[in-house]
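Peer 1: Sequence:
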Amino acid sequence: MADNIRSMRMSIINDKIFQCVQSTCLPFLNLTTSSILQCQIDCLNRNQCMVVTFYKSNLQCQLFNDSLNQNGNMSNEMNVVTMISIVGTRYPPDLTLIPTSTTSTSSSTSSTSSTSSSTSTSSSSSTTTEAPRVWKTTGSMSYTRQYNTASVLANGNVLVTGGYNGGFLNTAELYNPSTGTWTTTGSMGSMRAGHRASVLANGTVLVTGGYNGNYLNSAELYNPSTGNWTTTGNMGSMRSDHTASILANGNMLVTGGFISSYLNSAELYNPSIGNWTTTGSMSYTRGYHTASVLANGNVLVTGGYNGGFLNTAELYNPSTSTWTATGNMGSMRSDHTASVLANGTVLITGGYSGSYLNSAELY
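Its first residue numbered 1, the sequence shown is counted upward by one per residue in this note's numbering.
Honestly, the hints are just simulated from the structure, not real lab data. Backbone N, C-alpha and C fix where the C-beta goes; we use that ideal spot for every residue, glycine too. Treat the hints with care, as some may be off.
What the hints assert, rightly or not - The following label-pair restraints were derived from C-beta to C-beta distances:
{"id": "1", "residue 1": "79", "residue 2": "214", "range": "42 to 48 Å"}
{"id": "2", "residue 1": "58", "residue 2": "214", "range": "49 to 55 Å"}
{"id": "3", "residue 1": "135", "residue 2": "189", "range": "33 to 39 Å"}
{"id": "4", "residue 1": "283", "residue 2": "340", "range": "20 to 26 Å"}
{"id": "5", "residue 1": "180", "residue 2": "17", "range": "38 to 44 Å"}
Could you build the full structure based on these sequences and the hints that come with them?
Peer 2: Below, the structure is given as structure tokens:
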């Protein structure tokens, strides 16, 4: 995102403006932008930006820094969206700049009829050289695992859950980027592989569904403050290899997946009350697909598999709870990736459709 490719995970809160207990807490920058997406991009381009407040009525964008140290709180106001960073980092890491110096010497000579003098002056210039980016190993997990999840927490640690290594796992562990080490944390109530994990606006992690010899509709919440898991409401349908997306209103949308057949159903989780409600069904049954939350709040679902490989795509509108078809991808794909770029387009890469793919497309 921009040249520095900054990335942030933000909690989006509607009809709230950011304020501080401290009277000196003011936005460090006020802008007039063309859209909420441009407001987000302006924040991404400034390292100190941690909070964005966007006024829909006049397109005003306010940028705040270091919300935690400023004791941020919220105030009600209509037609406003506030976005608070819960994880901010930079991918790839900042370049290492190696200063190098070069010195040049110039001499000048002046003379008069009675004396002769020589003056030597030196000047220095400094340049920087980009160090090459390299991969290096870091600490190994306590357990071998695949079909697991990994979630970046608000404190920057990474929570890994479940998976399969010849047996199904309920274990969880935390990676500390500062030390490069792993520590075990509380185990889930159920063993799971092919499940999904999502970081909610309050910082807890919601794990849904999966498979452990039986397909699961159960869900549980991880509390990073205590390292403990608690059960929450069950989904209406068992499902594995589904998608889970956090919407702008803080609810989570789950789509598709597989039990004994592929699903087109979708459900919404409300973190405030811990229950699920059904919402509109997709036009196609799908598993191994992707779901991406767009800048306008809609959700783009692409591809997948339902007994045949799919190139279809459809859009979910949270305001109406309905799905509409959109343009098909150029290639059928399952197990691919989808990434929302800074300009609002979606990059689709790779996948499988009877053979492995290296192609990519933009939506």
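Peer 1: The structure should be examined with respect to each hint, and the outcome stated for every one.
Peer 2: Hint-by-hint comparison with the structure:
1. 79 with 214: 42 to 48 Å: holds (47 Å)
2. 58 with 214: 49 to 55 Å: holds (54 Å)
3. 135 with 189: 33 to 39 Å: Once the Cβ atoms are compared, 36 Å apart, the range 33 to 39 Å for residue 189 and residue 135 holds.
4. 283 with 340: 20 to 26 Å: Hint holds: Cβ distance 22 Å, inside 20 to 26 Å.
5. 180 with 17: 38 to 44 Å: holds (39 Å)
Going down the numbered hints, you'll see the structure goes against none, and every one checks out.
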